[in-house]
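Q: In the order they appear, the protein sequences are chains A and B. In this text, residue positions in the first sequence follow the working numbering: the first is 22, and each later residue adds one. In this text, residue positions in the second sequence follow the working numbering: the first is 22, and each later residue adds one.
Since the hints were derived computationally from the structure, they do not count as laboratory data. Heads up, some of the hints might be wrong.
Since the list gives no way to pick one copy over another, a pair counts as held whenever it fits inside one copy or between any two copies.
Result set (DSSO-like, lysine-lysine): computed pairs, CA atoms no more than 30 Å apart in a straight line [as the list claims (entries may be wrong)]:
(1) K225 / K30
(2) K214 / K28
(3) K136 / K214
(4) K214 / K129
(5) K214 / K37
(6) K129 / K68
(7) K214 / K42
(8) K225 / K37
(9) K214 / K68
(10) K131 / K42
(11) K42 / K225
(12) K136 / K42
(13) K142 / K30
(14) K225 / K129
(15) K214 / K131
Protein chains: 2
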Amino acid sequence: MPRPATKEKILSAALKLFNEKNTQAATTNHIAAALEMSPGNLHYHFKNREAIVFALYEQMLSKSVLANAALPSSITQVHEHQIYLAKVYWAYRFFNRELLFLLSRDPKLKTRYIKENTAHKQRIRIVFEQLSANGYLDIPADHVYTQLTDTVLLCNQFWHSHLETLGIEVDEANFAGGFEHIEGAMHPYLTSKALEELAALQDKNLGKKNI
Amino acid sequence: MPRPATKEKILSAALKLFNEKNTQAATTNHIAAALEMSPGNLHYHFKNREAIVFALYEQMLSKSVLANAALPSSITQVHEHQIYLAKVYWAYRFFNRELLFLLSRDPKLKTRYIKENTAHKQRIRIVFEQLSANGYLDIPADHVYTQLTDTVLLCNQFWHSHLETLGIEVDEANFAGGFEHIEGAMHPYLTSKALEELAALQDKNLGKKNI
Numbered sequence: 022m023p024r025p026a027t028k029e030k031i032l033s034a035a036l037k038l039f040n041e042k043n044t045q046a047a048t049t050n051h052i053a054a055a056l057e058m059s060p061g062n063l064h065y066h067f068k069n070r071e072a073i074v075f076a077l078y079e080q081m082l083s084k085s086v087l088a089n090a091a092l093p094s095s096i097t098q099v100h101e102h103q104i105y106l107a108k109v110y111w112a113y114r115f116f117n118r119e120l121l122f123l124l125s126r127d128p129k130l131k132t133r134y135i136k137e138n139t140a141h142k143q144r145i146r147i148v149f150e151q152l153s154a155n156g157y158l159d160i161p162a163d164h165v166y167t168q169l170t171d172t173v174l175l176c177n178q179f180w181h182s183h184l185e186t187l188g189i190e191v192d193e194a195n196f197a198g199g200f201e202h203i204e205g206a207m208h209p210y211l212t213s214k215a216l217e218e219l220a221a222l223q224d225k226n227l228g229k230k231n232i
Numbered sequence: 022m023p024r025p026a027t028k029e030k031i032l033s034a035a036l037k038l039f040n041e042k043n044t045q046a047a048t049t050n051h052i053a054a055a056l057e058m059s060p061g062n063l064h065y066h067f068k069n070r071e072a073i074v075f076a077l078y079e080q081m082l083s084k085s086v087l088a089n090a091a092l093p094s095s096i097t098q099v100h101e102h103q104i105y106l107a108k109v110y111w112a113y114r115f116f117n118r119e120l121l122f123l124l125s126r127d128p129k130l131k132t133r134y135i136k137e138n139t140a141h142k143q144r145i146r147i148v149f150e151q152l153s154a155n156g157y158l159d160i161p162a163d164h165v166y167t168q169l170t171d172t173v174l175l176c177n178q179f180w181h182s183h184l185e186t187l188g189i190e191v192d193e194a195n196f197a198g199g200f201e202h203i204e205g206a207m208h209p210y211l212t213s214k215a216l217e218e219l220a221a222l223q224d225k226n227l228g229k230k231n232i
């Protein structure tokens, strides 16, 4: 197996430090020290901490963003994608936790983020429309699509902060509660076909746990 | 009419500057200059900018927090309270816009905020339970109360940031969209009694507009 390239090693060490502390407490010198690397060598690969944050954001996107043609189109696919996304977002949790601070510090990141978030909003809408077309959702009016799409955006971006502002220490389980909130918001619009699929999924998951 | 006390004048000038710029760009010197007051006089009343932010937060609470006995118990009261709250929150919009930054800068404010926000969560739940008891909501399961309560918290705290992260310039109208999102989340659980009251309210508001 080839050794990971230096760039990858730096990103991996930075991600660990950013998650454990925060991006302000973990300087490029700390990251270099964690890798027993000279600060000069690190700066050869990344100009500054902003460049590392930006690269980690792109890495997170490469793991989480689906092409429009690959977006979930059944309730099972949505459910499985949400479980997967919760893991990816948790692995990069510093980004979610410090989102507004990071955007305010780096105009380049902010521009990139807004562009991606706007595309994300469009993809969410496509998913809800596909679920309707395939008989999983019964949407009574067009503005309900907007309603559900905004719920997804609020939860994906601010669930971590929501817990923090109630004094709740965030862990992987309550962090994933954002996705449960999304499923709860969809619930009134689920068809019997969707409810049957969800019940079957739950049986399968419970079965797995018993093995 | 008595002249407003110096403390009140300082808070009023600070609020204006914080809303127009932000709390970092508006220093105590800027606030003193806006009042043609010496910085020493201002510091006699408020030790620093944090103390001004804290006092403005308390002022906002005094205008928005209801005693439990005075909480809305009909759909009309909820609707009117939301219109009122949207105005108060907009008047103190710097606080909502910079929420996470302000909490990270001042541990005393963070402690106070978490305590108040936890009480706020309990009040929201009481409102939903009162609406159910009075025949306005038909809640099928206990966790739906949690669902709706979390929606209110997410919207009250992060609707401004939600718009910003889509590159949307926030104004009083789209800021109030957070309350429309809350009403949308309640909609699947409204009874016919609630829907009739809401329709009557809309007629009344439309009537007012035509005058």
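Q: For the identical chains here, do K225 and K30 meet the 30 Å Cα criterion within one copy, between copies, both, or neither?
A: neither (38 Å within a copy, 64 Å between copies)
Q: My question is about K214 and K129: at a cut-off of 30 Å on alpha-carbon distance, are they close within one copy, between copies, both, or neither?
A: neither (45 Å within a copy, 51 Å between copies)
Q: Between the shortest in-copy and the shortest cross-copy C-alpha distance, which are at most 30 Å for K225 and K129: within, between, both, or neither?
A: The answer is neither: 44 Å in one copy and 48 Å across copies each exceed 30 Å.
Q: What label fits K214 with K37 when the C-alpha limit is 30 Å: within, between, both, or neither?
A: Neither, since 42 Å and 54 Å both go past 30 Å.
Q: Are the CA atoms of K129 and K68 at most 30 Å apart within a copy, between copies, both, or neither?
A: within (14 Å within a copy, 36 Å between copies)
Q: Given identical chains, is K131 near K42, meaning Cα to Cα at most 30 Å, within a copy, between copies, both, or neither?
A: Both ways: K131 and K42 sit 22 Å apart in one copy and 19 Å across, limit 30 Å.
Q: Between copies, within a copy, both or neither: which fits K136 and K214 at Cα up to 30 Å?
A: Answer is neither; intra-copy 35 Å and inter-copy 43 Å both fail.
Q: From the Cα coordinates, with 30 Å as the cut-off, is the pair K214 and K68 best called within, between, both, or neither?
A: neither (53 Å within a copy, 62 Å between copies)
Q: When no copy is named, should K42 and K225 be tagged within, between, both, or neither for a Cα gap of at most 30 Å?
A: Neither way: K42 and K225 sit 37 Å apart in one copy and 54 Å across, limit 30 Å.
Q: Tell me, please, which holds for K225 and K37 at an alpha-carbon limit of 30 Å: within, between, both or neither?
A: Close neither inside one copy (33 Å) nor across copies (57 Å); limit 30 Å.
Q: Within a copy, between copies, both or neither: where do K136 and K42 come within 30 Å Cα-Cα?
A: Answer is both; intra-copy 28 Å and inter-copy 25 Å each pass.
Q: Given a CA cutoff of 30 Å, do K214 and K42 count as a within-copy pair, a between-copy pair, both, or neither?
A: neither (45 Å within a copy, 52 Å between copies)
The structure fails to meet hints 1, 2, 3, 4, 5, 7, 8, 9, 11, 13, 14, 15 from the earlier list, while all remaining hints are met.
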